[in-house]
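As you go down the protein sequences, you meet chains U and Y in turn.
Residue numbers for the first sequence follow this note's numbering, so the first one is 16 and each next one is one higher.
Residue numbers for the second sequence follow this note's numbering, so the first one is 534 and each next one is one higher.
Hint data in this document are derived by calculation from the structure and do not stem from the laboratory.
A virtual CB, placed ideally from N, CA and C, is assigned to each residue, including glycine.
Nothing false has been slipped in among the hints.
If you only want the chain Y side, here are some residues facing chain U, beta carbon under 8 Å, derived:
| id | residue |
| --- | --- |
| 1 | P542 |
| 2 | G544 |
| 3 | P584 |
| 4 | L595 |
| 5 | R599 |
| 6 | F682 |
| 7 | C746 |
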Amino acid sequence: MSLIFKKPGILTTVQDLGRTGSQSAGINPNGVMDAAAARLINAILGNDDSAAVLEMHFPAAEIEFDEGTVFALGGADLGAELDGRELRNWCSSFAKKGSVLKFAARRSGNRAYLGALGGFEIDKWLGSSSTNLAVGGGSFSGRRLIAGDRLDVSGSSEKIRELKIGPSIIPRYSRFPTVRIIAGCEFEFLTANSERMFLSEGFTFTRDCDRMGYRLSGTPLHLLHERQMVSSAVTFGTVQLLPDGQIIILMADHQTSGGYPRIANVVSADLPILAQCGPGDGVSFAMISVAEAELLAVEFENELNFLRVGCRLRNHDSDD
Amino acid sequence: MVDSPKIFPLGDNCLTIDFGNEISVELNTKAISLASHLDREPFPGFVEAVPAYSSVAVFYHLIEVRKNFPECDSAFDAVARIVRNSLAQPDQTRVAKNRLIEIPVDFSERTALDINVVAEFAEITPAQVIDRFVAKSYRVYMIGFLPGFAYMGEVDEIIAAPRRDTPRTKVPKGSVGIASRQTGIYPIESPGGWQIIGQTDVEMFDPNGDPPCRLRAGDEVRFVPR
Numbered sequence: 016m017s018l019i020f021k022k023p024g025i026l027t028t029v030q031d032l033g034r035t036g037s038q039s040a041g042i043n044p045n046g047v048m049d050a051a052a053a054r055l056i057n058a059i060l061g062n063d064d065s066a067a068v069l070e071m072h073f074p075a076a077e078i079e080f081d082e083g084t085v086f087a088l089g090g091a092d093l094g095a096e097l098d099g100r101e102l103r104n105w106c107s108s109f110a111k112k113g114s115v116l117k118f119a120a121r122r123s124g125n126r127a128y129l130g131a132l133g134g135f136e137i138d139k140w141l142g143s144s145s146t147n148l149a150v151g152g153g154s155f156s157g158r159r160l161i162a163g164d165r166l167d168v169s170g171s172s173e174k175i176r177e178l179k180i181g182p183s184i185i186p187r188y189s190r191f192p193t194v195r196i197i198a199g200c201e202f203e204f205l206t207a208n209s210e211r212m213f214l215s216e217g218f219t220f221t222r223d224c225d226r227m228g229y230r231l232s233g234t235p236l237h238l239l240h241e242r243q244m245v246s247s248a249v250t251f252g253t254v255q256l257l258p259d260g261q262i263i264i265l266m267a268d269h270q271t272s273g274g275y276p277r278i279a280n281v282v283s284a285d286l287p288i289l290a291q292c293g294p295g296d297g298v299s300f301a302m303i304s305v306a307e308a309e310l311l312a313v314e315f316e317n318e319l320n321f322l323r324v325g326c327r328l329r330n331h332d333s334d335d
Numbered sequence: 534m535v536d537s538p539k540i541f542p543l544g545d546n547c548l549t550i551d552f553g554n555e556i557s558v559e560l561n562t563k564a565i566s567l568a569s570h571l572d573r574e575p576f577p578g579f580v581e582a583v584p585a586y587s588s589v590a591v592f593y594h595l596i597e598v599r600k601n602f603p604e605c606d607s608a609f610d611a612v613a614r615i616v617r618n619s620l621a622q623p624d625q626t627r628v629a630k631n632r633l634i635e636i637p638v639d640f641s642e643r644t645a646l647d648i649n650v651v652a653e654f655a656e657i658t659p660a661q662v663i664d665r666f667v668a669k670s671y672r673v674y675m676i677g678f679l680p681g682f683a684y685m686g687e688v689d690e691i692i693a694a695p696r697r698d699t700p701r702t703k704v705p706k707g708s709v710g711i712a713s714r715q716t717g718i719y720p721i722e723s724p725g726g727w728q729i730i731g732q733t734d735v736e737m738f739d740p741n742g743d744p745p746c747r748l749r750a751g752d753e754v755r756f757v758p759r
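Could you build the full structure based on these sequences and the hints that come with them?
This is the structure:
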């Protein structure tokens, strides 16, 4: 059974939780921008935590189901309609053979996710099916989907009870969030005034916002003295200060190393919120400690585990 | 005798060990040794160790680390302690075989997008910039930034122009660039801030190759004008 792409959408890719172990070769992890959305969808479906999902931007894909398929949507609300009937995020749905899924309008967020019961049957490259657009590695030889593509689903085509999850675990998406950060390696090189501005002023997302990184615009920040750095590691969420005083936040398709001062890192718990922001939105930053950041991650993990157990029980009930 | 390296968080599931902000064979060797030591003896929750010029990034699964080291206040503290222990162990110097690799480069005006900037910086002619550039060979210190992008050094101080103030959104594949005393080749088209002085048509990265990268840390590279 397959999803057939009648229309591919502007940037639709297959992603999982990322490709690790190859950063020494300069190969970055890629993976979903919004890991919370992907993991929640997989929990609803009873899939493996790291099962691959579709990541879509608006305009999104138009998808026909060639067999009965159980699937779930999450992340951005792109106005999903199954055969003309509105679908909500964060619940499982059943598509009959021949059903068509369309996305009518972008209502909130920038990236929507679709997972299917049992996951997708796709190639892996270096241990992951995430799409590396830059070098053509991973699913569909590392390319975005095009019209006519078929994505095979591993699960059964039997209808199961539809499940939805409560709002407490769903990320608190916002167009103007305050995201939490940990001080970066070069934070101490900011002037006192720039430190204060960085932590108190708002920054706007420019048009240069994509899976590689988000360029922000705001009051320029300054270093105590000019600093040429030898290149060192960066990661998803690293906030770099460019020489013109503006900042950039590295996202899922980030480079593995860089030479601009790393003034902060967005904590992993808030990356999903950032992942749903886009041009015209705004952000401000609040600094917390590493230990606090870890506790946020632990809290989400505990809630997710709880949800996974609950969903498994419910899904199992419906088999009887 | 040895300064203890700086250890700091890079987000909440990675930390960096910094041996010093400089390009030196000694610090680079330390970074590569530590990374390979962690690769050989991974701790519970270890994901990967990525060596750079003079630092190592250690990626870990914070939930796993916290489970395995409940006595530590945080996963960061636990991994920092493990790293300090690794550093305290006697050096296990790896004997890396240095290969000498020649890379043909087209330094014509069409490809050398920033040659005039570099010439102005150096206060010499563009031709003299290229003469100085090809006069020596370069050590590959690390692969990073992009798949197969080799960071090489050290560029002659006279032509060591700093990065552009605003990075280009598209640097052509194969471009050879300078960033202060570093040089490198863009294996694919990419955004980038290095001063571009030429272009090669050698494939630096092949996703299906084994290994996928043309160069590896420790190689010596000589650029040959074409």
